[in-house]
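Residue numbers (the working numbering), protein chains in the order written: chain Z, 1 to 230; chain D, 1 to 232.
Since the hints were made in silico from the structure, they are not lab data. Incorrect hints may appear among the rest.
[Said to hold, decoys possible] Some, not all, of what chain D presents toward chain Z, calculated at C-beta under 10 Å:
| # | residue |
| --- | --- |
| 1 | P51 |
| 2 | V52 |
| 3 | L59 |
| 4 | I72 |
| 5 | Y75 |
| 6 | S95 |
| 7 | S102 |
| 8 | Y103 |
| 9 | L135 |
What you are looking at is a predicted structure, and each value in this text was computed from that prediction instead of being measured. Yeah, the Cβ is synthetic: ideal placement off N, Cα and C, and Gly gets one too.
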Amino acid sequence: MSRKERSMEEVKVIGFWTSPYVYRVTWALKLKGVEYEYQEEDIWNKSDLLLQYNPVHKKVPVFVHGGKTIVESGIILEYIDETWPQNPLVPTDPHARAMARFWIKFVGDKMRNFQGFFFKRAGEEQIKAVKEAQEYLKILEDHGPEEKKFFDGDNIGMTDLSMGWLAFWLEAMEEASGVQVLEANSFPRLHAWIRNFKQVPVIKENHPDHTRLVAYFKRLREMFTKPATT
Amino acid sequence: MAEQDKVILHGMWASPLTKRVEFALKVKGIPYEYVEEDLSNKSPLLLKFNPVHKKVPVLVHNGKAIAESLVIIEYIDETWKTGPQLLPEDPYKRSQIRFWASYMQQVFESLVLVIKSSGEAQEKAIKEVSEKVKLLETGLKGLFPDGIPSVDEFSKNVTLLDLFVLAHFGEYEAQEEVLGLKLIDTDKTPLIVSCITALIEIPAVKKSRIPHEKMVAFLKSYREDALKSATA
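Produce the entire structure from the sequences given, and follow the hints as far as they go.
Given below as structure tokens:
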């Protein structure tokens with residue numbers, strides 16, 4: 001099958017509305033004008049279908065193209081870019097490409113450090129966790145876009161999509177937990193990037209509803225930060 | 001690529017993550033300078049080239065640094081067209097190789113847990129790593145629908161995933177001796193064994209084999225240090 005023929009086959013995304021990893025994939029498809037079918041999966045009550053599609057990790061997003069399944073959002077993004085080359089998301093320069101992949105891995109590996117504060121009740125532990133999150137955010141801030149609008153240059157790319165968590169999810173977590181982490185004065189680059197990112201039409205028209213997300217996070221927080229009952 | 005390519009690899013000789021990158025450079029015939037890092041006393045250059053993680057391996061190509069072994073190897077494959085192509089052209093096959101290459105990290109971390117623990121904790125870790133290796137073998141089988149390739153076929157179509165397998169399990173005999181644990185054998189993991197058998201015949205790889213005794217000594221002392229600090 002030629003690449004052109006392959007690119008015409010059916011695309012399906014299995015996701016959950018609160019997942020920034022799923023949004024990375026749907027944003028990529030929309031930026032490239034690729035049609036797809038979306039199937040909502042309840043990750044709190046995983047279907048047999050999900051377990052069949054992703055037996056190793058049992059997670060969303062799951063990407064299905066012409067009957068073939070791919071999982072892991074970073075891997076899916078690269079596949080999307082290789083299959084539909086219009087509006088490229090992966091930098092062409094090999095070193096820039098390596099840096100994009102490096103930051104995507106960094107965000108993935110350190111998500112626990114970024115989000116730890118959210119699962120703590122007010123007090124010493126929360127203060128410590130907020131400090132830790134800020135240390136890791138400072139690393140992103142230091143490497144954030146300075147002259148250009150986006151991590152990937154003048155247009156958004158794979159790195160920006162992977163940083164999407166900062167744009168909608170962090171603020172919802174802050175609101176749900178009543179903690180401010182990404183202060184504008186300490187993180188000017190990231191704040192500027194968030195503003196620019198949210199203005200991109202595909203992003204502006206496709207993101208979780210803030211109020212709904214905050215409510216979801218509030219419920220999550222209650223579930224996972226119950227005080228000990230012994 | 002430029003004639004004046006200067007490639008430097010900062011690594012630690014026993015680290016599988018460093019080995020991954022070394023194998024990639026060797027099978028592609030890329031000349032490089034190697035800098036051995038003492039991880040308890042990291043060089044200023046390492047801290048400069050990998051300020052975010054301060055870890056090895058780090059590749060420096062004409063002054064530009066790249067960290068994270070899989071990122072480095074994809075960079076190597078895209079930059080040097082000599083030797084085997086470590087990622088195939090087909091996007092789906094690429095995604096499968098990337099998936100299992102990424103999964104190797106979990107296998108690796110489980111194995112490190114086995115090396116560093118004892119008693120009940122070790123038993124639990126052994127169970128976990130055995131399951132992961134089994135899954136890895138299944139995953140690899142999926143990449144070879146026509147059955148286990150011959151030694152010749154393996155060496156002609158080396159992918160980065162094969163290099164990862166070699167980097168982590170190439171010294172399986174030393175691991176067995178130190179841990180008394182048989183993770184890799186022709187019954188349970190025939191594909192992994194074939195992969196290793198094929199790849200160690202590649203001249204550049206054969207030349208750089210770590211002597212068995214050296215690996216055993218390293219693993220023993222690594223384990224002793226970990227057990228000591230766990231009870232300290």
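Here's how the hints hold up against the structure:
{"no.": "1", "hint": "P51", "verdict": "holds (9 Å)"}
{"no.": "2", "hint": "V52", "verdict": "holds (6 Å)"}
{"no.": "3", "hint": "L59", "verdict": "holds (9 Å)"}
{"no.": "4", "hint": "I72", "verdict": "holds (7 Å)"}
{"no.": "5", "hint": "Y75", "verdict": "holds (4 Å)"}
{"no.": "6", "hint": "S95", "verdict": "holds (5 Å)"}
{"no.": "7", "hint": "S102", "verdict": "holds (6 Å)"}
{"no.": "8", "hint": "Y103", "verdict": "holds (7 Å)"}
{"no.": "9", "hint": "L135", "verdict": "holds (7 Å)"}
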